[in-house]
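Student: Each chain is listed here by its residues.
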Amino acid sequence: MYVEFLGIPRERAGVSELEIEAETLGQLLGTLARQCPALGELIAEDRLHPSIAANLNGDAFVSDPETALSRDDRVLILSADAGG
Amino acid sequence: MPFGYHGCYLRVDVTGGSAERVPLSDAVLRQYIGGSGLGARLLLDEGLRLRSGGGAVADPLSPEAPLVFAFSPLVGSPLTTSAKFAVVSRSPLTGRFNDSLASSGFAIAGKRCGCDALVLVGRAPSLSVLIIDDGEVRLEPAEDVRGATCQAAEEKLRARLGADYRIASIGPAGERAVRYATISHDGRHAGRGGSGAVLGSKNIKAIAVRGSQHCEWAHPRVLTELSRDLSKRSFGPATAKYRELGTATNLLTFNRLGTLPTRNFQSGTFEGAAQISPEQLRVERSRTRASCVACTIGCEHIYSIGKSTGGSIGKSSVRLEYESLFALGSLCGVGDSDAILRASRRCDELGIDTISTGGTIAFAMECVERGLLDEPWLTFGSGDAVLKAIDLIGEREGVGQLLAEGSRRAAETIGRDSLAFAPQVKGLEIPGYEPRALQTMALGFAVGARGADHNRSGAYEVDFSEKVDRRNATLASVCHAIETEDKAALMDSLILCKFLRGVFTDFHAEAAGMLQAVTGWDVTADELRETARRIVATKRQVNLLAGWTAEEDTLPGRFLDAPLSTDPGAVLTRERLQELVAEYHRQRGW
Chain A
1 MYVEFLGIPR ERAGVSELEI EAETLGQLLG TLARQCPALG ELIAEDRLHP
51 SIAANLNGDA FVSDPETALS RDDRVLILSA DAGG
Chain B
85 MPFGYHGCYL RVDVTGGSAE RVPLSDAVLR QYIGGSGLGA RLLLDEGLRL
135 RSGGGAVADP LSPEAPLVFA FSPLVGSPLT TSAKFAVVSR SPLTGRFNDS
185 LASSGFAIAG KRCGCDALVL VGRAPSLSVL IIDDGEVRLE PAEDVRGATC
235 QAAEEKLRAR LGADYRIASI GPAGERAVRY ATISHDGRHA GRGGSGAVLG
285 SKNIKAIAVR GSQHCEWAHP RVLTELSRDL SKRSFGPATA KYRELGTATN
335 LLTFNRLGTL PTRNFQSGTF EGAAQISPEQ LRVERSRTRA SCVACTIGCE
385 HIYSIGKSTG GSIGKSSVRL EYESLFALGS LCGVGDSDAI LRASRRCDEL
435 GIDTISTGGT IAFAMECVER GLLDEPWLTF GSGDAVLKAI DLIGEREGVG
485 QLLAEGSRRA AETIGRDSLA FAPQVKGLEI PGYEPRALQT MALGFAVGAR
535 GADHNRSGAY EVDFSEKVDR RNATLASVCH AIETEDKAAL MDSLILCKFL
585 RGVFTDFHAE AAGMLQAVTG WDVTADELRE TARRIVATKR QVNLLAGWTA
635 EEDTLPGRFL DAPLSTDPGA VLTRERLQEL VAEYHRQRGW
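Here the protein sequences line up with chains A and B, keeping their order. Position one of the first sequence corresponds to residue 1 (this note's numbering), numbered consecutively onward. Position one of the second sequence corresponds to residue 85 (this note's numbering), numbered consecutively onward.
Just so you know, these hints were derived from the structure itself, not from any lab. It cannot be assumed that every hint is accurate.
Stated by the list, open to error - Partial list, derived from the structure: chain B residues whose beta carbon lies under 7 Å from chain A:
(1) THR333
(2) ASN556
(3) LEU559
(4) ALA560
(5) GLY586
(6) ASP590
Unchecked claim - A short list of chain A residues far from chain B (calculated; beta carbon distances all over 12 Å):
(7) MET1
(8) GLU21
(9) GLU23
(10) THR31
(11) ARG34
(12) GLU45
(13) ALA60
(14) SER70
(15) ARG71
Think of the CB as a built atom: it goes at the ideal place given N, C-alpha and C, for glycine as much as any other residue.
When you get a sec, could you build the whole thing from the sequences and use the hints?
Tutor: Below you can see the structure in the form of structure tokens.
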């Protein structure tokens, strides 16, 4: 699946998207933390910092590390604080 | 009198320049705190006084209409982001309650004049500067700054009066009663709802304040510790977005989620989003950062106008926020970043709210597209047209005379069902959150006391979470909308910057701790929750006095029943919105 980064996560990752293999959100975040150490402050084990959110395919927001992912999913990692 | 307060407000009748100090009881201060809350209470008191005297509810631009500048107990404290003031009046755009906030040294200097608020009534016989020098009040002529931009007026008056004055000014638009004119100080604006037109209607070009009267804090050592801790946390990940990218970074996120209002809310995505995004702007332009007075976040991102990288930012630059970017960009279909930056700067100079400006121009562009308005140059996508329209609005010339009235009044003049796509609630133009795809926010817009606004209802936070289905609001969404509205009311009364909200783990408990340290009150988190509800209810009381009816709590026809063109799943039916609003009223006990 592809992970898209927006806002601060894109700043930290240094890219706008990455292709990653994972079966759950927790696995995906763990892989991201290893592959992009700069994302470290935004990921604690298998969860995102409260200022960051994950979204599936532009639809539902998800946070449960057990959330199942499929190969066709696009996971958006973005700044949760949308105001301004 | 509690610590942190002066225990009075200064009521100034600018007709003759007379002033009186009016005591504020401990009970009123504790019940309304300051800022928007205290302003709402003072506005209600003034309205009730007018009515009991047999007077009708004053037109917001009439001499009798009060204009309140309210400070807060935290102003002047070392708490980060606390140098703020609220400007409260009835809005000439909506006829309803309006509060607009700004951060600047004006708050600190104003409070040092020895009062917790200023209440202005009357109309000066000629264009004047209201000078409040340590609580002493006088008027001076302002003919020499007539027509001056906000920034030029401020500079010229400081040169005349002295560098220790802090000056809040209106621009040419406020003088000409553009209904969404702002009050500006130090590049910041009390922006929404037309408080600049209210000040202009009083023939006051600017208010200059200086003072030497300090408030004592109840527990200075505790306050210092709390302030240090809050400042430290304000450097963390919860504010990184504002510090590193600024609010403008919302643009690409919203575009990706299909919630970016485009071409007068006809679409939720904009094909030119990438080229006007801050991520692209900083590649092709010089950029610098700045902070409000007494702020550790530093959210202001200032871009050069004209493409250049490296070197200093230069004078030709402008602070760009998401709301200005969306309103003058995607909402008008403009993908030319230089035109957007110029337009934003021109709004700052004239002293007009960028959201209402962009919303009203976008509405006019759609009217032209539909053949309802004969201004063929005013087309979606034209940056030149946006710039021309802004100047006409500031001058109230040509079609600018119509657009200076805001989209609702313009639609009422144009007729032919154009009100259905005028992007406003109660007359206030809708900010950059697509209501059909963010339905908790849609409810927040519909019920807002000052109209559609993202600063008085933070319900978008709920939509951007797994608490709700953002495209299918249910009655369970209502309590979230109430909670975010109450929280905003409390933050606007303390007053603290909302960009801190992610920093708090338990906002009400921490806010209670701050108030305890400043005032000495034994205030609790639960008391503050009750205070917030009281403040929201007081805003509604002001609206009731002004003729509010429940039918106003709705959205324009465009947003109801039909799906968003770019997101077929984003449908908000009229019946569903009515249910949500009714449940909101029920839970409020209204």
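Student: With reference to the structure, classify each hint as holding or not holding.
Tutor: Here is how each hint holds up against the structure:
1. THR333: holds (5 Å)
2. ASN556: violated (11 Å)
3. LEU559: At about 20 Å, which exceeds the 7 Å cut-off, the nearest Cβ of chain A leaves the hint on LEU559 (chain B) violated.
4. ALA560: Violated. Min distance 15 Å.
5. GLY586: Holds. Min distance 5 Å.
6. ASP590: Interface hint status for ASP590 (chain B): violated (13 Å vs cutoff 7 Å).
7. MET1: MET1 (chain A) clear of chain B: closest Cβ-Cβ about 16 Å, beyond 12 Å.
8. GLU21: At about 22 Å from chain B, GLU21 (chain A) clears the 12 Å cut-off, so the statement holds.
9. GLU23: Per Cβ check, GLU23 (chain A) is outside 12 Å of chain B; nearest 19 Å; holds.
10. THR31: Since the minimum Cβ distance to chain B is about 20 Å, THR31 (chain A) lies beyond 12 Å and the statement holds.
11. ARG34: Label holds. Min Cβ-Cβ 19 Å, cutoff 12 Å.
12. GLU45: The assertion about GLU45 (chain A) holds, with a minimum of 16 Å to chain B.
13. ALA60: violated (7 Å)
14. SER70: Check passes; 18 Å lies beyond 12 Å.
15. ARG71: holds (20 Å)
In terms of the numbered hints stated before, the structure departs from hints 2, 3, 4, 6, 13, listed from lowest to highest.
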